[in-house]
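In order, the protein sequences belong to chains A and B. 2 is the number that our numbering gives to position 2 of the first sequence; each next residue is one higher, with no gaps. 262 is the number that our numbering gives to position 262 of the second sequence; each next residue is one higher, with no gaps.
No wet-lab data here; the hints were simulated from the structure. Heads up, none of these hints are tricks.
With a cut-off of at most 20 Å between alpha-carbon atoms, the simulated SDA-like pairs for lysine to any residue come out as follows:
| # | chain 1 | residue 1 | chain 2 | residue 2 |
| --- | --- | --- | --- | --- |
| 1 | B | Lys83 | A | Leu134 |
| 2 | A | Lys279 | B | Arg143 |
| 3 | A | Lys198 | B | Phe48 |
| 4 | A | Lys279 | B | Gly139 |
| 5 | A | Lys279 | B | Leu150 |
Restraint-style ranges between C-beta atoms, simulated for each label pair:
| # | chain 1 | residue 1 | chain 2 | residue 2 | range |
| --- | --- | --- | --- | --- | --- |
| 6 | B | Asn136 | A | Phe189 | 51 to 59 Å |
| 7 | A | Leu147 | B | Arg238 | 51 to 59 Å |
| 8 | A | Leu274 | B | Thr80 | 45 to 53 Å |
| 9 | A | Ile270 | B | Asn136 | 25 to 33 Å |
| 10 | A | Asp176 | B | Asp239 | 34 to 42 Å |
| 11 | B | Val188 | A | Leu274 | 33 to 41 Å |
We put the beta carbon where it would ideally sit given N, CA and C, even for glycine.
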Amino acid sequence: MTVSDDDDARRAAWRMAARIGFYALTCLIAVFFALPLLWLVTAPFDASPTYAVDVPDPTLQNFAEINANPYAWGSMLNSILLSLGTALFVVVGAALAAYALSRVRMPGRDALLYVLLLLSSVVTGTAAMVPLFLLVSEIGDTVHPALGIDSSFAVMLVMAGGLLPAGIFMLKDFVDTVPRSYEESARVFGASPLRILKDIVAPLIAPGLATIAVWTVVNVWGNFLVPFILLRDPEKQPAAVLMRTLYTESGQPNLALLSTFSLLYSLPVIAMYLYVSRKYGFRFHGGIKS
Amino acid sequence: MTSSGNDDSAAADSRAAATSHHGVVAVDPPLRGGPASDVVGLGRARAFAFVAPAMLLIGVFLLFPALWTLYIGATDYERTGPKHVSPSFVGIDNYTDVLADPSFYNSLWLSLLFVGCSAVIGQNGLGFALAWSLRNVAGWLRRTVETLVLFAWILPGSVVAFLWIAMLDRDGGTANTLLDTPGLAWFVDYPMASLIIFNIWRGTAFSLMLYGAALSSVPPSQLETARLAGASNLQTLRDVVFPHIRGHALTNTLLITLWTFNDFTPFLLTAGGPGDDSEIVSVYVYNTAIRDGRLGYSGAISLLILVANVVLALFYLRMLRKRSVS
Chain A
1 MTVSDDDDAR
11 RAAWRMAARI
21 GFYALTCLIA
31 VFFALPLLWL
41 VTAPFDASPT
51 YAVDVPDPTL
61 QNFAEINANP
71 YAWGSMLNSI
81 LLSLGTALFV
91 VVGAALAAYA
101 LSRVRMPGRD
111 ALLYVLLLLS
121 SVVTGTAAMV
131 PLFLLVSEIG
141 DTVHPALGID
151 SSFAVMLVMA
161 GGLLPAGIFM
171 LKDFVDTVPR
181 SYEESARVFG
191 ASPLRILKDI
201 VAPLIAPGLA
211 TIAVWTVVNV
221 WGNFLVPFIL
231 LRDPEKQPAA
241 VLMRTLYTES
251 GQPNLALLST
261 FSLLYSLPVI
271 AMYLYVSRKY
281 GFRFHGGIKS
Chain B
1 MTSSGNDDSA
11 AADSRAAATS
21 HHGVVAVDPP
31 LRGGPASDVV
41 GLGRARAFAF
51 VAPAMLLIGV
61 FLLFPALWTL
71 YIGATDYERT
81 GPKHVSPSFV
91 GIDNYTDVLA
101 DPSFYNSLWL
111 SLLFVGCSAV
121 IGQNGLGFAL
131 AWSLRNVAGW
141 LRRTVETLVL
151 FAWILPGSVV
161 AFLWIAMLDR
171 DGGTANTLLD
181 TPGLAWFVDY
191 PMASLIIFNI
201 WRGTAFSLML
211 YGAALSSVPP
221 SQLETARLAG
231 ASNLQTLRDV
241 VFPHIRGHAL
251 TNTLLITLWT
261 FNDFTPFLLT
271 AGGPGDDSEI
281 VSVYVYNTAI
291 RDGRLGYSGA
301 ISLLILVANV
311 VLALFYLRML
321 RKRSVS
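The shape of chain B in the complex, shown without the other chains:
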């Protein structure tokens, strides 16, 4: 795989070297095409050679897997055994099976709950609320809050998962001590609620930073006018602030939705349990594919998820475009 890749780029390189002489000669009528034309004399062939290594990696490890899912999902491929050696083509059987499988709907529902409550409402809301209320607060309070929120975001997933296992522990966990609920096993009794609170804690930093940047783009004069006109806080937010940051809000919601949907950290906290009470889609795919080894079946699920993600992204992009047209 890589050796053929090297050949490719080597060939492209030699072609590029051949054209570079042309490039040097051809530059003499200068700057005819405006600033975007090739003033550096890179030449189109060499430019392709420059882009090739990155595109090769993206093509093999991003584009190809996405397309390959289409094929895997149409076979009965398994991780081991005879169906690993010679998988057969089963057409849309996997898809009809998935769509008739109650555990698929269970995981889909849990994922929607997880994304809706923790990202769309939780991170979005808390991130905006913090950005809005801290915008005029200077000094240590703002710095402290921002640093704490950011720490939750930058620490490695394995570490934060373990910190939460410690905090929500049945016997000595901080949560039970503070809330005076000794012996409450959070991850067993309220697995989804725990995951949602965890994810709000984990991901609010991005929304906070994005809304912080967005709010600084609202012209202060308009805020001042609203204040002089006696508008309440809520009116100011609705009529002055929100029209300015609508694009940011959409971008933010799209990104955190996709990230949360694909996030695998819940696996480290509950591994989908107890039973399948917190088996969100990412854990469900892992369990069917790697644990149970049903690669073809989980390929079909992956493709459905991929399509759902793309549809979601296109929907947001459409809303964005509509905004910039109107």
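Chain A on its own, in the form it takes in the complex:
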């Protein structure tokens, strides 16, 4: 009797300890993830920020300094332009392609989609920078300088090319769920396929279109490598590239400017995350198949 009581007590104590250990460990991991973010919250509001995380000596002076920098707002505008432009190409291109691929049986369709998806995750960053740099310089030299190095339009096309395979892939799932009976009845009344896509299918897959639009914007907004390689003119560089210039150009980086700019540059992404997570829940559902 006493032995088993002892055992029970020991087991309960053990379980308690494990529980406390588990919570302690989880909190430690949370701290690990929170630590680097702290600086982003304190430094922009500090009158004289250092690399250390401090309770700020509160001021909004740093935001005025952003206004004084000749490139700050321009680069933010460039980021917006690049993101929205690329999103337009990706959404329109993916919607047309996903609709056609969903509704018309083409030989080798699924294999093609998989190969493109694989290719788009392989031909990025490291492997693609040399040919992309050359391709865009070459197009600029031979076709038109407006498409060459220093062309925001070229950056949009390059990024759209890389994002489209995954965009089509995601959007096709949405189109597949739209019942065809709507389209059939619209057709009986003589609507053209383009019109059916625009007026009937697009509203039904609006969540899908919104998803890939947000996904594209977030991707382009944070992309450093493509504009870093393809845009040399500081007037055209987006915020991602300006961040690096601000850090490396002057000997002593201006922390007030850098931290405040970081915060402003991050806000749209955080806002979009909050919007998406509130509206759809930021999780994977059945979409990712093993």
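Following the hints, put chain B in place on chain A, whose structure we already have.
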């Protein structure tokens, strides 16, 4: 380039318009081919026209660069100078040079270290551990941890790079304050370890979400049975959970491996330094191609990387298929 593209799609459009009449007439024998047949009357020509704009962009900016690497790597093309104007064909010279170059092996080794420790072990392990331990924890703790982990993932690369430069700073950095190691220059003394810890922090979110979704596909009844049979946590993981999520684990590992291998953010943290102590492959390619201007040489490296990536992807796909057959 684009003007010819527009001509193409315009031509395809007019062809599509011509066939659309046929389409309308031909629909009368309805639904013969089952649900996948063309009930909308799109017609194959118009369907191709719909697909064309996307395929044009993918073809020019994804497919063509990949193939072109093959040619660039066989020339002595340079960014400026006489070899920029008229590059000559050098065959496999670049490849033999690359394969004899110690800095190539240095960068390859550093990349393997980086991918292996930070993605395959770090992100995979931490992502799974968090997903598994948080699955039954409700409320604020789970939400807080998930949000923090996700923030590390969604913030722009330039910003997180700078946050880590601040945190690991020699003088006032938070890391030195907390660990009581004043004056330790992380990026100089331990560049690779710093990059690895940074990348675990940066990328765990994807694994956490993927494993979170995967774990919800494990039937609760089986977990309950294992618990009643007195299986330990480890036994349950090995015999009940893992067989269910093996496919997810492979997919996850493949994706984070490719992403980490091609990631350029380490350039923002160390730019490959000090010396070439953290010159992983992506930084090495940038340095030879854009900084030194040796485009032909770095084209050869790019192709080797491309092939390595494809081989890796095919290897994972094969493992996946083997699983679904057995």
